[in-house]
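Colleague: Hey, can you work out the whole structure from these sequences and the hints?
If you're matching them up, the sequences are chains E and Z in order.
Going by my numbering, the first sequence opens with residue 62, and the numbers climb by one from there.
Going by my numbering, the second sequence opens with residue 138, and the numbers climb by one from there.
Quick caveat, the hints were computed from the structure, so don't treat them as lab data.
Given the structure is predicted, the values throughout are model-derived calculations rather than measurements.
Treat the hints with care, as some may be off.
[Unchecked claim] Part of the chain Z face toward chain E, derived, beta carbon under 10 Å: (1) E179; (2) K180; (3) N181; (4) A183; (5) Y184; (6) D190; (7) V191; (8) D194.
Glycine included, C-beta positions come from ideal geometry on N, C-alpha and C.
Chain by chain, the residues run as shown.
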Amino acid sequence: MLTRKFSIILFILFSINSIGQSQIFVSGKVSGKNEKGIQTALVGATLRWQNSKSGEITDPDGFFKIKKEADNHQLIISITGYKSDTLMVHSTDFIEVVLKESNTYLDAVTVRGSASVMDKLSPIQTEIITSSALKKAACCNLSESFETNSSVSVSYSDAITGSKQIQLLGLSGNYVQMNTENIPNIRGLNTTFGLNYTPGTWINSIDISKGVGSVINGYEAMTGAINVELVKPESSDKLFINSYLNSQGRAELNVQAADTLSKKWSVALLTHISSQIAKIDGNSDQFLDVPLYKQLNLINRWKYSGEKFATQFGIKYLTENRVGGQISFNPKTDQFTNKSYGFDSDTKRLEVFAKLALLFPSQPYQGLGLIINALNHNNESYFGFKKYTGAEKSIYSNLIYQNIIGNTNHTYKLGSSLLLDNYHEFFIDSVYKRNEVVPGIFAEYIYTFPEKITIMLGNRIDFHNLYGNRMTPRVHFKYDINENSQLRINWGKGWRMPNTVAENFGMFVNSRSVSITEVIKPEESINYGASFSQEYQLYGKKGSLILDFYKTSFQNQLVTDMENAGKVLFYNLKGKSFANSFQAELNYNPAERFDLKLAYRLFDVKNDFTTYNGETVFLAKQFVNKDRLLFNAAYATKWNKWKYDFTWQWNGKRRIPNPAQDHLHTKDSPLFFAPAFSNINAQVTKVYKNWEFYLGGENLGNFKQKNPIMGANDPFGATFDASMVWGPVAGRVIYSGLRWKLSDL
Amino acid sequence: MTTLKTIFILLFTVNFIFAGDTPQVIKIKTSAVCGMCKRKIEKNLAYEKGIEDVNLDIPSKILTVSYNPKKTNSATIKKIVNNTGYDADEMAATPEAYEKLSSCCKKELPVHN
Numbered sequence: 062m063l064t065r066k067f068s069i070i071l072f073i074l075f076s077i078n079s080i081g082q083s084q085i086f087v088s089g090k091v092s093g094k095n096e097k098g099i100q101t102a103l104v105g106a107t108l109r110w111q112n113s114k115s116g117e118i119t120d121p122d123g124f125f126k127i128k129k130e131a132d133n134h135q136l137i138i139s140i141t142g143y144k145s146d147t148l149m150v151h152s153t154d155f156i157e158v159v160l161k162e163s164n165t166y167l168d169a170v171t172v173r174g175s176a177s178v179m180d181k182l183s184p185i186q187t188e189i190i191t192s193s194a195l196k197k198a199a200c201c202n203l204s205e206s207f208e209t210n211s212s213v214s215v216s217y218s219d220a221i222t223g224s225k226q227i228q229l230l231g232l233s234g235n236y237v238q239m240n241t242e243n244i245p246n247i248r249g250l251n252t253t254f255g256l257n258y259t260p261g262t263w264i265n266s267i268d269i270s271k272g273v274g275s276v277i278n279g280y281e282a283m284t285g286a287i288n289v290e291l292v293k294p295e296s297s298d299k300l301f302i303n304s305y306l307n308s309q310g311r312a313e314l315n316v317q318a319a320d321t322l323s324k325k326w327s328v329a330l331l332t333h334i335s336s337q338i339a340k341i342d343g344n345s346d347q348f349l350d351v352p353l354y355k356q357l358n359l360i361n362r363w364k365y366s367g368e369k370f371a372t373q374f375g376i377k378y379l380t381e382n383r384v385g386g387q388i389s390f391n392p393k394t395d396q397f398t399n400k401s402y403g404f405d406s407d408t409k410r411l412e413v414f415a416k417l418a419l420l421f422p423s424q425p426y427q428g429l430g431l432i433i434n435a436l437n438h439n440n441e442s443y444f445g446f447k448k449y450t451g452a453e454k455s456i457y458s459n460l461i462y463q464n465i466i467g468n469t470n471h472t473y474k475l476g477s478s479l480l481l482d483n484y485h486e487f488f489i490d491s492v493y494k495r496n497e498v499v500p501g502i503f504a505e506y507i508y509t510f511p512e513k514i515t516i517m518l519g520n521r522i523d524f525h526n527l528y529g530n531r532m533t534p535r536v537h538f539k540y541d542i543n544e545n546s547q548l549r550i551n552w553g554k555g556w557r558m559p560n561t562v563a564e565n566f567g568m569f570v571n572s573r574s575v576s577i578t579e580v581i582k583p584e585e586s587i588n589y590g591a592s593f594s595q596e597y598q599l600y601g602k603k604g605s606l607i608l609d610f611y612k613t614s615f616q617n618q619l620v621t622d623m624e625n626a627g628k629v630l631f632y633n634l635k636g637k638s639f640a641n642s643f644q645a646e647l648n649y650n651p652a653e654r655f656d657l658k659l660a661y662r663l664f665d666v667k668n669d670f671t672t673y674n675g676e677t678v679f680l681a682k683q684f685v686n687k688d689r690l691l692f693n694a695a696y697a698t699k700w701n702k703w704k705y706d707f708t709w710q711w712n713g714k715r716r717i718p719n720p721a722q723d724h725l726h727t728k729d730s731p732l733f734f735a736p737a738f739s740n741i742n743a744q745v746t747k748v749y750k751n752w753e754f755y756l757g758g759e760n761l762g763n764f765k766q767k768n769p770i771m772g773a774n775d776p777f778g779a780t781f782d783a784s785m786v787w788g789p790v791a792g793r794v795i796y797s798g799l800r801w802k803l804s805d806l
Numbered sequence: 138m139t140t141l142k143t144i145f146i147l148l149f150t151v152n153f154i155f156a157g158d159t160p161q162v163i164k165i166k167t168s169a170v171c172g173m174c175k176r177k178i179e180k181n182l183a184y185e186k187g188i189e190d191v192n193l194d195i196p197s198k199i200l201t202v203s204y205n206p207k208k209t210n211s212a213t214i215k216k217i218v219n220n221t222g223y224d225a226d227e228m229a230a231t232p233e234a235y236e237k238l239s240s241c242c243k244k245e246l247p248v249h250n
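Modeller: Rendered as structure tokens:
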């Protein structure tokens, strides 16, 4: 009886449903709730039925009306910046949906332990090194911040100058766009020592993206982009002091102060002084293993954040002197004499920057931003008898407008940039002058099909006064296979103008004759690649696997040719040049606060060299090792009171130029290789309420390249060469330091 | 390598010395309402002298602390909770600390995520 009644009701209900199908609408309102609990109506939120392709979006007051689909009760509501929601809709009652704000930094990102974090949302493969990861490797500046990272490695440039180069995708850091808070930083003359000029304690986080970057920041990101975020005035401790001392006689002191002046204004002053005090010659070749240096580095920054307008501006100043070479060298008495060999370099850099942003509180997806940076960089150096001076004046500005088309599934950025670069360099007997004026325009469009597909199309045109109009198209694609696995594919162009001398200081500490055989043209490449990341659970614990492959092929490249004894040649690429990079990284957290990482990297980097008799030989790039293994283990006790970190790296053998005297390279010349070696770093940190103490070691295996300086006993003779460096020059280093903070005054 | 081993052994030894003594446990009713409150109270207490373990149960607002009675006492612990901005049993939060709490941590709010 009851069942019959029930089926009649059901029948009636269904009939109504099918009769009225075309007219039934569901309406409602979507609002968002931020972390402070404040609700605002959301415009542009997408509403669609499960398994349905079309949808509706909310109007400026957050209201929507969507046609009810038969047998489709699951309504999905999504908007960028908020957590998506799915509702079961069985009636036409007015629906009120409140979406929670998703703090993109926390939710869009899976925290793989504390070591590194993958950006799940970005269509570009991006890894974020957090400040807690940076603290695990205490020393000391940007060049030393990649110790536990499997993608970026630091290469040794030479045995005298102490200049450092990073490597990404098998190529030098010159091809990576290095920004500080989206302002180009390590480029131009700053390439020489720039990695040493960002102190570690100033860094809040580092984003490393592989493959061509976004067109917004310029045309120079050929193999990747690294963006450094400095500590923020509004969220920093009132006072922070870090001191560091190592067993080789290097000392550092950072004093950082920050204050929130009002609800809108905040200010920070970051200071750094460091010095290599002791003369170290562990291998008794009468040459300093590390140059003596003194560095003073300051930044003062201000921040204003209002509801409709925000700005940041500041000033940076740096001065550094470094002296390397023979122990007996005294720059005052021995400069340009053959009493003893010396290297001396003085750098001064002054920079001012400003960022302005117009915000639209009711349309959070809309914005207008302007970045301006001006700098003056001067360097005076000499390498024995070779003299160099370099001056750079540069102004960079970038204007970006951001908005959506209809809803936040379609966003775009438009803008224009202007770069003014003035270089005046003198080296040995030649003057190199260049005045670059580069206005540019760019556009980037991002299509998002929530939780499934992201497509980013970008292009820019730059009108270069010296090298003509150049187009830089780039495409990024991300496919979310499911919640735990993503596939990314990208393709794009990139180019840059090299500064031959400033980028190759390490090539001049030898008796080789230097020749730049022709006018150097811009370097140009196409980079493409794919990456796959998968999160997994094993024995109830989280882990991840990341595989990636990238290829960079050059249309033009500045070739550094050391293949012939007694010579270093610089010329434009004649023939082909490419870099293939494959990497597999496995992460696993076997227990809480315990992270393990194992990574393997394979490089195949080759380019054509032109021999002395005009032949072309295709050789593996000098000093680049094919294989590398990295293992990292990190453990912290509850509340991070004790932190332990251990890294082991193995670097395979690498081709080096034939070191034989009078060697002239030909097609049939045998190849020379430097042996494989490994490196161990470890650190222990003890954390107290307001201070931390750390103790660690680098190169704990004490591996040293034997005789890193050829002909060290006769530095003015024909065989002297300190550029044939492929491994550590200095041995084991033990360091310790203190960090002290004062959160409230 | 030997240097490294010595360092590790030394540090672990130090670690053990810091522990020791039979802990005492107290339960305190707080005015915590969310995960952020939990993290704040736990972290602030964890680094104080004599504290061995802390856990705050959000639904019941009960804070369980085990501590070394020779180094600290329940009044000190409650004071720390007050100075973090929260009530601890009969003792009310320090007004300045309470003012500074972000709006999601105010005690008039219901317990939430």
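Colleague: It remains to establish, for every hint, whether it holds in the given structure.
Modeller: Checked hints:
1. E179: At about 7 Å, which falls below the 10 Å cut-off, the nearest Cβ of chain E leaves the hint on E179(Z) intact, so it holds.
2. K180: Holds. Min distance 6 Å.
3. N181: With a minimum Cβ separation of about 9 Å from chain E (threshold 10 Å), the hint on N181(Z) holds.
4. A183: holds, 4 Å
5. Y184: holds, 4 Å
6. D190: This interface hint holds because 8 Å falls under the 10 Å limit.
7. V191: Given a least distance of 9 Å, the restraint on V191(Z) holds.
8. D194: violated, 17 Å
In summary, the one numbered hint that this structure violates is 8.
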